[in-house]
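Here the protein sequences line up with chains A and B, keeping their order.
According to my numbering, the stretch in the first sequence is residues 1 to 526, in order.
According to my numbering, the stretch in the second sequence is residues 1001 to 1287, in order.
Hints are all accurate, no fakes.
In silico SDA-like pairs for lysine to any residue, Cα to Cα no more than 25 Å straight-line: (1) B:K1014 <-> A:V24; (2) A:K194 <-> A:R277; (3) B:K1072 <-> A:A522; (4) A:K194 <-> B:A1006; (5) B:K1073 <-> B:H1172; (6) B:K1147 <-> A:A237; (7) B:K1252 <-> B:T1167; (8) B:K1070 <-> A:P523; (9) B:K1072 <-> B:G1174; (10) B:K1014 <-> A:M21; (11) B:K1073 <-> A:M195; (12) B:K1072 <-> A:G189; (13) B:K1070 <-> A:V24; (14) B:K1072 <-> A:T191; (15) B:K1072 <-> A:T25; (16) B:K1072 <-> A:Y516.
Listed next, with one range per pair, are the computed distances between beta-carbon atoms: (17) A:F347 <-> B:W1268: 47 to 57 Å; (18) B:V1166 <-> A:S291: 33 to 43 Å; (19) A:T509 <-> B:K1072: 22 to 32 Å; (20) B:G1149 <-> A:V66: 49 to 59 Å; (21) A:L446 <-> B:H1271: 50 to 60 Å.
Which stretches of chain A does chain B cover? Using the computed rule of at least three CB atoms under 8 Å from a CB of chain B, they are: (22) 107–121; (23) 175–187; (24) 204–212; (25) 231–237; (26) 244–255.
Please keep in mind that the hints were generated in silico from the structure rather than gathered at the bench.
Ideal Cβ placement from N, Cα and C applies to all residues, glycine included.
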Amino acid sequence: MTTVTDTHDDHHDHGPAAGLMRWVTTTNHKDIGTLYLVFSLIMFMIGGAMAMVIRLELFQPGLQFVDPSFFNQMTTVHALVMIFGAVMPAFVGLANWMLPIMVGGPDMALPRMNNWSFWILPFAFTMLLSTFFMDGGAPAGGWTIYPPLVLQGGNGFPYMIFAIHMMGVSSVMGAINVIVTILNMRAPGMTLMKMPLFVWTWFITAYLLIAVMPVLAGAVTMLLTDRFFDTTFFNAAGGGDPVLFQHIFWFFGHPEVYILILPAFGVVSEIIPTFARKPLFGYSSMVYATSSIAFLSFIVWAHHMFTVGMPLQGELFFMYATMLIAVPTGVKVFNWISTMWKGSMTFETPMLFAIGFVIMFTIGGFSGLMLAIAPADFQYHDTYFVVAHFHYVLVTGAVYSIMAAAYYWLPKWTGNMYNETHGQWHFWISTVSVNVLFFPQHFLGLAGMPRRIPDYAVQFAEFNMWSSIGGFVFGLSQVFFCYIVYKTIKGGEKATDQVWEGAKGLEWTLSSPPPYHSFTEAPEIK
Amino acid sequence: MSSDNAYYIPHDAKWPIVGSVGMSLFLGGFAGQLNGSSMATNIMIVGFLVLVYMMFGWFGEVIDESESGKYKKIEAVSFRMGMVWFIFSEVMFFAAFFGALFYIRIYSVPWLAGDGSGAATNEFLWGGFEAIWPTNGPGDVGGEYQKMGAWGLPAINTLLLLTSGVTCTWAHWGLVANKRKQLIIGLAATVLLGFIFVGLQVLEYSHGYNELNLTMGSGVYGSTFYMLTGFHGFHVTVGAIMLLVMLVRSIKGHFTPENHFAFEAAAWYWHFVDVVWLGLFIFVYWL
Ligand code: HEM
Ligand SMILES: [Cu+2]
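Please build the complete structure, drawing on both the sequences and the hints.
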């Protein structure tokens, strides 16, 4: 595996095909990575627009802008779009761009399938979003699609189910490609324990994806047959149980939240050493911590179901197992802090987002621990406290790491530096506003404000107003982010190959932007 | 550049987008049909045909590449790994349905009958319901039905599938030992046994629907029975078609003792559906 051949016999054909068809038929990992990233940014803006509708309605008590059914469609589709359309494709895009380079290979292992993994997504999301225009509107039963509520939806229901099937097919193919690339495409000398952490975390993420996306497919298939083919999996009259759906869904759902955060851990573990100018503290403990998180993530799912009436032993088991995850998670946080300890740190935008990640993800981890206490969760469950928890881990966690990665690697991808002043502004506006947006939701939840409700009692008015203001500012600052990215693609100061003074790793040995085929000669691994 | 030890990277992949269009038409049409639109059935059929066209095209291209010697050991390793992980994903797909079966039999049915904390549920909602398997639930959903016995057709089917696993391996031995006749006879027998299995399964379903009043709507027993055996039967059909293609390719002389990834992939898949069947026979038919 030292060089790359083309299907064409001529030896000079190395560049991409011309015109629009380049993007439709490409098998190049960088092209496909770009497609994923652009797609994810578009979905981020669409999902963000829905969030704006939600915050607008919640600005004041009472019903003002949208009717309750539409509000519920907003919360449901916002979550589905953000999880499956924005965060997951963004990480797959990063994986496509960086994994082959980081392991010193020429491309992804299965390039044609790689193309299909991406090109299913625009179709799946068109199908999902088209449900807004159907009889009964988009699905409105929450992204957790619990029966029997979700079965009462309108004509959009089967389209949503099939859209989820398609997203699953795409994810599984993408994950297979990642695993095979990591196992089979490494340059000679790139042993497993020399791989960058981003590669390691994606390896384990891909394993989780292959293990749980089919389970989700099974769950939604049963929903479909319960509605259209007379089965009674989730209907007590026939001997089934709606709680069964929750078990299957969360057997997928909890590993899924780690699918959303493990690549983020990888990104942060790349960025912090660069700007602390020190090697990552505790590399192997990071690998083991990631693996144990992945293992534990399979045996904690019912912490989402403490209030459904599980047997006491179940409550206890899932409570303690959930708390156990705090241990490897803590290992990671301490490793990041130790990496920064006595480093000669500088605070360019990627580093700011990475540090923001460490601090605010940890806040989300702590609220998670509070939720994990089964007796306390009877108070917190289905309130805004849960909403605050998962937005700290997902927005200031997963999304912040994606922002950090974008600033960190954009100069490498485009050959241009982004505007540092703009980046700093983007970080600070986002960070202030995101806390104004989500921190008050902790108090709302503790005071008992339920989630997924378009109206609320007047005593919640003030915190909600703050939250909405924070939301609007945060939303606007992401429009600014799009502008920064656009400007960087269009031009700007030329980036060096090394880009960052403290950067180590194979990606920085290639030119900025890198050649169309990454390593046509296997690099030497020290 | 020395192309002899280079990793093969195809260009200009046009089949994936065809596949996406086909998949969207098929599923979109299916959804429309479920909503009661008769036009949608046609869209679904068109989508299916596009998918079939895509598979012929895509696999055809890969076979051409393989035959013209573009793949070396390293690509073959990628393919093998890809297939193994794909089968793992299939295992997890079936795990969801087996999980549902076990949950229903171990928890939800006994709870409805008053076990655990279900005493009040039973007393006030479903008085007199007892936990016996199989059941169509306390609501007697779907009406009177009879259980599908294990020792008639299902037992024969078990024998057929197990035998086909043996003939498949025997064919593989023939391939590795470069005994073409053994390969072709073994494969032909496997394909034949596979299709007989599917035929008997169809017979069994018609027996269930027409004589036992056992339908998908017969409560959780009918639901789990048809869901599990149905998806398995679909996988057997796919596997048998894969093996049929391998048979044609063997007759054409495509495989060598060193280079026969496609054959192995199909064989692994076949063994996988075999193992799933054993689980079905034990937990769906027998116990
Ligand atoms: C420190 C580790 C964590 C613990 C102990 C934890 C614990 C919990 C618990 C107990 C709940 C259920 C709350 C309820 O519904 O009453 C919950 C909800 C949730 N968590 Fe976490 N969590 C952790 C980390 C994460 C991470 C890393 C993510 C994603 C990146 C995440 C995403 C979510 C989501 C999306 C929900 C809400 C699901 C829903 O009902 O819609 N959590 N968490
Ligand atoms: Cu969880």
